[in-house]
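Colleague: Letter by letter, the chains look like this.
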Amino acid sequence: MSISLKVENDVGYIEFDQQDSKVNLLASDMLRRLDEILDGIQTRKDLNTIVIVSKKKGVFIAGADIKEIEQIAVAGDGKAKAQEGQNVLNKLEDLKIPTLAVIDGVALGGGCELALACGYRLATFNPKVKIGCPEVNLGFNPGFGGTYRLPRMVGLTEGMKMILSGKPIDGTKAKKIGLVDVLVPEAGLADSINRFIATIHKGKIPADKYKRRRKKGLAALFADSILVRYLTFRASRKSVLKLTKGFYPAPLRIIDLIAKTYHLGREKGLELEAKTFGELAVTGISKNLVQVYYLSEHYKKLTVKDAENIRPAVIEKCGVCGAGTMGGGIAQLLSARGIWVRLKDINYGAVALGINAAAKIYKENVKKRKMKPAEAQKGMARISGTLDYSGFGNADLVIEAVVEKMEIKKAVFRELGSVVKDNAIIATNTSALSVTEMAEEAKDPSKVVGFHFFNPVNRMPLVEVVATSMTSKETIVTALDFARRLGKTPILVKDTCGFVVNRVLLGYINEGGRILEECGQMAAIDKVMTDFGMPMGPFMLSDEVGLDVGIKVLYTLEESLGERFKPVESFRRVSEKKILGKKTKKGFYVYKGKDKEPNEEIGPLLGKDRFARFDREESLKRMVYLMINEAARCLEDGVVDDPGAIDVGMIFGTGFPPFRGGLLRYADSVGIDNIVGDLERFTNKLNMKQFMPCAYLLSLRDQKQGFYSA
Amino acid sequence: MERIAIVDGVRTPLCKMGTDFNDLGAADLGRIVAREVIERTGIDVKEIDEVIFGNVGQPSNASNIGRVISIMSGLPDTTPAYTVHRNCASGIDAVVQAAMKIKLEEGDCYLAGGAESMTNIEVELIKPMQDELMALTKAKTMKDRLRMMMKFYPKFININKSLQYGLWMGLTDPTCGLGMGHTAEVLAKEYGITREEQDQFAMVSHQKAVAAREILKEEIVPVIAPPKYKKAVDVDNGPRESQTLESLAKLKPAFDKYNGTVTAGNASQISDGACAFLITSEKRAKKLGKEPLGYMKTYAFAAVEPHRMGMGPAHAIPLVLKKAKMRLKEMQAIEINEAFAVQALACLRELASQDFAKKFGYEGYTGEIDPKKFNVNGGAVALGHPVGTTGARLILTMLKHMKRHDLNIGLISLCVGGGQGAAVILER
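Taken in order, these protein sequences are the chains called A and B. If you're matching positions, the first sequence starts at 514 in the working numbering and goes up one per residue. If you're matching positions, the second sequence starts at -13 in the working numbering and goes up one per residue.
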């Protein structure tokens, strides 16, 4: 049975063990089964305690079933769905005998809410213990009483933090804020449970679970005063707005919800919660976020066809060639994941730059308390520098991150041939150059793969894994596994110029430049894109990357993909003046500390004295549709075989707004025929060939399909 | 008999106290060289039997520093490690320990060396202050605490008088009560070695070290040091190009204000640095397919009166020669550590003396040392003397020198605080 009741003496154990699944989910059928069991318990007189345990290793209950939520189309259905769960959990809460949740693994979403409904919570020191309410990430609120019970149990500040951030907490933190009553070792868990039950029955723990939290000092005086509440809500609203720029409705609705229900009784509070849930769960944004969640889960576990039996190689030691910002960032990432790094460059000054870059990231992590100082120290100790290839002989994998010049890259590949061991994988971090051409210089081309990180390496979650026709399945399997070990989401792309992300993105920056030449309003163009939800507009992005780098990639793209990538004239003029971006302190904007303002030198370089009127809507369409057209070409050329890969690439590689579901999901929502119509209009009106809709798009339109419904 | 192979070795530059290595502790310096040896030799870390490090300062945040270095340089958690302490001979002793273990067939692959950050030797509270601080933490009531604090703070308001410096305490012999500098003055007076002789010796040391700056890079791993990680330090910062006899003569005696001859200029510099080796049996070295840097032929330790600690080499050298059944003149290069110019000079004088040899039964094992063979790349007066490291540093410098000039046999020796001497014969 998925859930069963086992009675030992006077204790009833409700055991969760969902069939044919590695985890327990609080899906409808599970809820109904729990309901039946609770009904049975109500009629029994022989039990004095109920203990809820999971039979799954490392998992208590992983959450509700997202598939069921995805199906909800009407707000009323959503409300009913939430109430269904609420009623079962209320029944659990209202049992006359003590109830105890035993958390020995992840307790997320519905799982956390079920634990909250119990009278007591016991967690283990198992590092897998993670308790939290991640619903906000999917665009809705916890609907099984989480918004009602959690703030009451752990306090408004901590409760709101958990619900609004969606970030789970570990056992130690849960004990500290009062979310669990006791922490015990995993070994001898059964005895610990019995001892804790005895403690409960001795009456040593206050029966009211909302009154167990001990407050000290000032917090005790002010914690629940109206003023503090008011300030907490106000501060939360402010920080949520700063973080989401108002694009995501769920966090704000959650704050309003808690502000209202915090004074209400359970019945009215839960009713409001269910109503909000229903309304949020049917929004387009929530639906998009759910799709993005599926996509990211899929790509995190990405596998290679017909390679199920191939085991990824173990990577313990890496060589990194080229100690620039990228090389240093890569060294930091690897070392933080326990990998020993040998960092090579042509002189120690260059090596110092890379080590400095790594040290900066570690320092920042310590400052933000993401890492303990000892961890940072141990990480730094894993990086050592060299000028020759000493230490490369036993590297399991070498990442090449030298300057983007084919001749130099080829030389590195030739040199590596005589130093690395036979089964070492050689990965190139090139952003646009041909991996195949490099592989041809290698001793064993089947071991060569592209491994394209995004800048800044420690923060951008995407890696493009580039396979050439010579790359072996073993190499690809290892590269995908390695990306995951580094905490990155990989997409698998074919070796073509610019792969996916740069190919799509560079056209967009170039189009931004073209619009700029027409209307001269840089900041307005950037704003159109940030209003759309992009983290940066084309010129902010160019300043970040460096215009010289951008132009170089554009030329490379132009050479192999055609004239549509030819960098606009003004870009060339600006870069010739060495106005390159943040690294030269001025680019399209002038940077003074944290502030930036448009650079007045740019205007005269646009080569015009009279500009056309700026059209927001038209500009947005030109930039975004151009990206869609290029993405369609990637599918047409078989660079990737799935629109999902492009959406994952754009979201995790460029920060394309997740609430829009990804570039191609957005295209579907606009309608392919609308997009093709506009592209054709641009082609004719502006006489610009880059807008000519590609064959893939045209055939989608002709067949009345979208990227995803194809 | 199987020889002890020193497969490869590397050291950090030696940096004067409070300069480039200010923010690196002894454990950091140690793990940098340990890791570099691992990388350069390409040894599989699982094959290393044990890690042994010499260290004098014994930082309290890296207790058993050998173990800390072992783990921080990437050895498995399951590899044992320990620390040895024989004052200035700690670095030598680490190497000797590895050699002894190989001879005993306890293992055949060791990572050994020395690490010292004299910059970061701790400053302690004086005992009365420590006692009262302990009492303060034990005070139960607020009232008690307040009352004790009222007493405590005024009493120890003079911070200088409330602290004692670990560095100076470490450099003072507790059995005879003399600082190391004072033991040097004892020798200056006993042997009548003048200030001029000492300054001249120091001058030559600087000249040789300056001339050797580039070739010493062969044994140095450049260190990119925190907190800024801006530049790679790749040379010893002790040797002074601009050193003159006049400027040496201007310095005031550092220990005996009125009758002294030992100055900061003719004593060794207080520095930070580390040095590490991969040490294996000869057979194992062959299996690794590496041409070893050289072999340790034999070693000896001697002891003298604590207040004449500088004379250690004069006894250790004949002892080690006797053990090796060799003559001093067979040695193609000789390093005697320059803890103090006067101490090295006194040793040279006694080694050349027939009376000394007769008195201690060293006949046949002493003699005059050819200046052309002696400390050819400068010594601790110019290069610096990070105490726990120097012994290992001498072995490395000697082996690299022998390799450069294709020599077969060399001898290193140093004096040891507390009244000992150590000597090692190296061969290729």
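Quick caveat, the hints were computed from the structure, so don't treat them as lab data. Owing to the predicted nature of the structure, the values given are computational and were not obtained by experimental measurement. Note that the Cβ used here is the ideal one computed from N, Cα and C, for glycine as well. One or more hints might be untrue.
What the hints assert, rightly or not - Restricting the straight-line Cα-Cα distance to at most 20 Å, the calculated cross-link-like pairs of lysine to aspartate or glutamate (EDC-like) are:
id	chain 1	residue 1	chain 2	residue 2
1	A	Lys814	A	Glu1082
2	A	Lys934	B	Glu33
3	A	Lys891	A	Glu829
4	B	Lys276	A	Asp901
5	B	Lys214	A	Glu1082
6	A	Lys880	B	Asp9
7	A	Lys891	B	Asp63
8	A	Lys1096	A	Glu1072
9	A	Lys535	A	Glu877
10	A	Lys885	B	Glu349
11	B	Lys87	B	Glu(-12)
12	B	Lys216	A	Glu920
13	B	Lys203	A	Asp901
14	B	Lys32	A	Glu877
15	B	Lys214	A	Glu877
16	B	Lys217	A	Glu888
17	A	Lys1121	A	Asp1155
18	A	Lys873	B	Asp9
19	A	Lys876	B	Asp9
20	A	Lys1065	A	Glu920
21	A	Lys891	B	Glu(-12)
22	A	Lys873	B	Glu33
What the hints assert, rightly or not - With the C-beta cut set under 7 Å, the calculated list includes, among others, these residues of chain B facing chain A:
id	residue
23	Glu25
24	Arg26
25	Lys32
26	Gly60
27	Pro62
28	Phe142
29	Ile210
30	Ala218
31	Ala310
32	Lys311
33	Met312
34	Lys315
What the hints assert, rightly or not - Per label pair, the in silico range of CB-to-CB distance:
id	chain 1	residue 1	chain 2	residue 2	range
35	A	Arg708	B	Lys89	37 to 43 Å
36	B	Asp9	A	Glu699	47 to 53 Å
37	A	Ala748	B	Lys137	51 to 57 Å
Colleague: Give a verdict on every hint.
Modeller: Hint-by-hint comparison with the structure:
For the hint linking Lys814 (chain A) to Glu1082 (chain A), the alpha-carbon distance of about 43 Å lies beyond 20 Å, and the restraint is violated. Restraint check: the Cα-Cα separation between Lys934 (chain A) and Glu33 (chain B) comes to about 18 Å, which is no more than 20 Å; the hinted pair holds. For the hint linking Lys891 (chain A) to Glu829 (chain A), the alpha-carbon distance of about 15 Å falls within 20 Å, and the restraint holds. The hinted pair formed by Lys276 (chain B) and Asp901 (chain A) meets the criterion: a straight-line CA distance of about 18 Å does not exceed 20 Å.
Annotation: proposed proximity of Lys214 (chain B) to Glu1082 (chain A) is violated, straight-line Cα distance about 41 Å (limit 20 Å). Of the supplied pair hints, the one linking Lys880 (chain A) and Asp9 (chain B) holds, its CA atoms being roughly 18 Å apart against a limit of 20 Å. For a cut-off of 20 Å, the pair hint linking Lys891 (chain A) to Asp63 (chain B) stands: about 14 Å separates their Cα positions. Proposed proximity of Lys1096 (chain A) and Glu1072 (chain A) is contradicted: the alpha carbons are some 27 Å apart, above 20 Å.
Under the criterion of a C-alpha separation no larger than 20 Å, the hint pairing Lys535 (chain A) with Glu877 (chain A) is inconsistent with the structure, at around 37 Å. Taking the CA atoms of Lys885 (chain A) and Glu349 (chain B), the gap is about 62 Å. The hint is violated against a cut of 20 Å. With a C-alpha separation of about 13 Å, the suggested pair Lys87 (chain B) and Glu(-12) (chain B) falls inside the 20 Å cut-off, and the hint holds. About 29 Å separates the Cα atoms of Lys216 (chain B) and Glu920 (chain A), which puts this hinted pair outside 20 Å; it is violated.
Under the criterion of a C-alpha separation no larger than 20 Å, the hint pairing Lys203 (chain B) with Asp901 (chain A) is consistent with the structure, at around 15 Å. Simply put, Lys32 (chain B) and Glu877 (chain A) have alpha-carbon atoms about 33 Å apart, too far for the 20 Å limit, and the pair is violated. Of the pairs offered as hints, the one joining Lys214 (chain B) and Glu877 (chain A) holds, with about 14 Å between alpha carbons and a cut-off of 20 Å not exceeded. For the proposed pair Lys217 (chain B) and Glu888 (chain A), the alpha carbon gap of about 24 Å is over 20 Å, so the pair is violated.
Among the hinted pairs, Lys1121 (chain A) with Asp1155 (chain A) is inconsistent with the structure: their alpha-carbon atoms are about 43 Å apart, more than 20 Å. For the suggested pair Lys873 (chain A) and Asp9 (chain B), the alpha carbons sit about 16 Å apart, so the restraint of at most 20 Å is met. With a C-alpha separation of about 15 Å, the suggested pairing of Lys876 (chain A) with Asp9 (chain B) holds against the 20 Å cut-off. Between Lys1065 (chain A) and Glu920 (chain A), the direct Cα distance comes to roughly 15 Å. Compliance with the 20 Å bound is thereby established for this hinted pair.
For the proposed pair Lys891 (chain A) and Glu(-12) (chain B), the alpha carbon gap of about 38 Å is over 20 Å, so the pair is violated. Taking the CA atoms of Lys873 (chain A) and Glu33 (chain B), the gap is about 34 Å. The hint is violated against a cut of 20 Å. Annotation: Glu25 (chain B) was flagged as interfacial toward chain A, and the flag holds, the nearest CB pair being 3 Å apart, inside 7 Å. The beta carbon of Arg26 (chain B) comes within 5 Å of a beta carbon in chain A, closer than 7 Å, and the hint placing it at the interface holds.
At a threshold of 7 Å, the smallest CB-CB gap from Lys32 (chain B) to chain A is about 11 Å, leaving the interface hint violated. Because the beta carbon of Gly60 (chain B) sits about 5 Å from the nearest beta carbon in chain A, less than 7 Å, this interface hint is met. Because the smallest distance between the Cβ of Pro62 (chain B) and any Cβ of chain A comes to about 11 Å, over 7 Å, the interface hint for this residue is violated. Restraint check, Phe142 (chain B) versus chain A: the minimum CB separation of about 30 Å is more than 7 Å; hint violated.
For Ile210 (chain B), the interface hint holds, the least distance from its beta-carbon to any beta-carbon of chain A being 5 Å, beneath 7 Å. Hint status for Ala218 (chain B) relative to chain A: holds, with the closest Cβ pair at about 3 Å, below 7 Å. Interface restraint check: Ala310 (chain B) against chain A, minimum CB-CB distance 34 Å, threshold 7 Å, status violated. A cut of 7 Å between beta carbons decides the hint on Lys311 (chain B): the least distance to chain A is about 39 Å, and the hint is violated.
The beta carbon of Met312 (chain B) comes no nearer than 35 Å to any beta carbon in chain A, farther than 7 Å, and the hint placing it at the interface is violated. Interface restraint check: Lys315 (chain B) against chain A, minimum CB-CB distance 39 Å, threshold 7 Å, status violated. About 56 Å separates the C-beta atoms of Arg708 (chain A) and Lys89 (chain B), a value inconsistent with the hinted range of 37 to 43 Å. Between Asp9 (chain B) and Glu699 (chain A) the beta carbons are some 40 Å apart, a value that contradicts the proposed interval 47 to 53 Å.
At about 45 Å, the CB distance of Ala748 (chain A) to Lys137 (chain B) disagrees with the hint of 51 to 57 Å.
The structure fails to meet hints 1, 5, 8, 9, 10, 12, 14, 16, 17, 21, 22, 25, 27, 28, 31, 32, 33, 34, 35, 36 and 37 from the earlier list, while all remaining hints are met.
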